[in-house]
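Student: Residues per chain are reported as follows:
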Amino acid sequence: MEKFAPVKRSEDGQPVRYLIVDDSVFARKNLARMVETFGGQVIGEAGDGVSAISEYERLTPDIVLMDITMPQMEGIEAAEKIVRDHPSARIVMVSSVGYQENIVAALQRGARHFVQKPVKPEVLYEVIKYVMRDDGTTAQGTGAGV
Amino acid sequence: MRMELIQPFINSADAVLAQGLESPISIENLSMEQEAYRRKGIAAEVFLTGEIEGRIIFDVDLGAAVQLASRLAGVAVSETDDDLVREAVCELANQIIGNSITTLNDQGFHFHVRPPTLHTSEQGSKSTEDTEALVMCFNTSSGNVFMNVALRYQRRRAVERAVVAG
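Chains A and B are the protein sequences, given in the same order.
Start counting the first sequence at 18; every next residue gets the next number (the numbering used here).
Start counting the second sequence at 894; every next residue gets the next number (the numbering used here).
Worth double-checking, as some hints may not be accurate.
Said to hold, decoys possible - To give a feel for the contact side, a few chain A residues facing chain B, derived at Cβ under 7 Å: (1) ALA44; (2) GLN58; (3) PRO135.
What the hints assert, rightly or not - Footprint (simulated), chain A over chain B, 3 or more residues, beta carbon under 8 Å: (4) 907–913; (5) 925–932; (6) 961–969.
Think of the hints as simulated: they come from the structure by calculation, not from any bench.
Virtual Cβ for every residue (Gly too), placed ideally from N, Cα, C.
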């Protein structure tokens, strides 16, 4: 897999910490491999929206990668609940179902960005840099637009 | 079955499989199925509800499923890694069907998709007059991939929408 300039937290130079939420173990593993090539650290995983909320409370990750179609509670509802309690939460929706209504609903409820599956590493990398913006740095400089 | 419903599935399978395998794929066969569907390998099933309702079975020959899982996982996967192979087939189904549904929704069809589940029975339910089933066979560098699409228009909701629109 392609290597990318590591994205670090600008406040302490530590790796960006991720929570990955997807009902597919396979998808979680693939996303985990991908963010590790960005220099990130996966600190938690969840398989549905309910677990995502409790894991967010417990871990307070820098970024959540959140699937939409999941059992128990879907990703958009979970994102809304997380952002309601933590307005600075950075949630990126990652789903194969990317029609306009879904994307708009996710963004209106607090998600920062949307990436459609199958995920291309270079696309996710740019989104991570954009979402981290001033709170992230890469080897070449600050996150956004680098 | 109307082509406007089928074409997005063909396009998505082509795009997702070609990207995942990094090689071109082709449609080997396309046929209407009257009899109950017989599973050929590792299969996942996705149900749709809304203006279009029905189910799609995504079915991969065992050998092809193992190769697809290996390619997608980036590590060698063997036939004994049952869970990983099944997970890979479900995730591929999710991606292909999700992308198709995206296209259909953007064309004005509104419906909801449930997460994929493993289709373990040897035989599925028969098609009915209302539920047309089309079987597509895709030839990939790793083996054959089948999609059985059985969808029907939810006429009542379509009519209601037309009435509301005036």
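Student: Taking the hints in turn, state whether each one holds.
Tutor: We went through each hint and held it up to the structure:
| no. | hint | verdict |
| --- | --- | --- |
| 1 | ALA44 | holds (5 Å) |
| 2 | GLN58 | violated (19 Å) |
| 3 | PRO135 | holds (5 Å) |
| 4 | 907–913 | holds (count 3) |
| 5 | 925–932 | violated (count 0) |
| 6 | 961–969 | holds (count 4) |
Violated hints, in rising order: 2 and 5; the structure is consistent with all others.
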